[in-house]
Amino acid sequence: NAGVTQTPKFQVLKTGQSMTLQCAQDMNHNSMYWYRQDPGMGLRLIYYSASEGTTDKGEVPNGYNVSRLNKREFSLRLESAAPSQTSVYFCASSGGGSQLTQYFGPGTRLLVL
Amino acid sequence: SQQGEEDPQALSIQEGENATMNCSYKTSINNLQWYRQNSGRGLVHLILIRSNEREKHSGRLRVTLDTSKKSSSLLITASRAADTASYFCAPNTGNQFYFGTGTSLTVIP
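Going down the list, the protein sequences come from chains A and B. For the first sequence, position 84 (counting from the first letter as 1) is numbered 93 according to my numbering, and the numbering increases by one without interruption. For the second sequence, position 60 (counting from the first letter as 1) is numbered 69 according to my numbering, and the numbering increases by one without interruption.
Since the hints were derived computationally from the structure, they do not count as laboratory data. There's no promise every hint is true.
Stated by the list, open to error - Derived DSS-like pairs (lysine-lysine); straight-line CA-CA distance at most 30 Å:
(1) A/K80 / B/K78
(2) B/K35 / B/K65
(3) A/K66 / A/K80
(4) B/K79 / B/K65
(5) A/K66 / A/K18
(6) B/K35 / A/K66
Said to hold, decoys possible - Anything over 10 Å on all C-beta distances counts as not near chain A; from chain B, calculated:
(7) T36
(8) R50
(9) S67
(10) A99
Every residue, glycine too, gets a C-beta built ideally from N, C-alpha and C.
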């Protein structure tokens, strides 16, 4: 039981390049989330998916797109990376409904030059 | 913003002492959760307290919630060096969680 996995662990991009961050969970959770963590800013919600087939914007969605590929997988895409997107990205999942605990992945460190 | 705000930002104590962290928030909530983050790792859930609860215990952790003051506190008793981490509160309304910037706790052996 791997929990929440994220790939890659670390990535360096040049401004304007695109990339997709992958997230998968094996806990049969309904809800999945993408956060970014910046020094002094805490975790901020980018997008979430309350259930398979639905996605909603969080606090800081600009510059990102998401896909809930199936119940297990939730990907985050940067179409044209900017230095302001340098951050640590965390994926999380929860059962949804009354199952409120979030389980986090190990994070992806992204540097945009 | 509905973000939780932790206080203090940093706390340094001796092993065996108690550590208290506070969280304030601005809107009505369904529940409030506390998480821990070790350096370079993802967050780990510690405890959840619902809006109709006032106090909850889990091992060495004690959480209180005062919805009239929109505040919560996390007490770690008999701290250990392994408790060194950042601690975040996350007020919850519906599907979204609003994490604060965290309290960085250092426990000195």
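Structure versus earlier hints - violations, ascending order: 1, 8, 10
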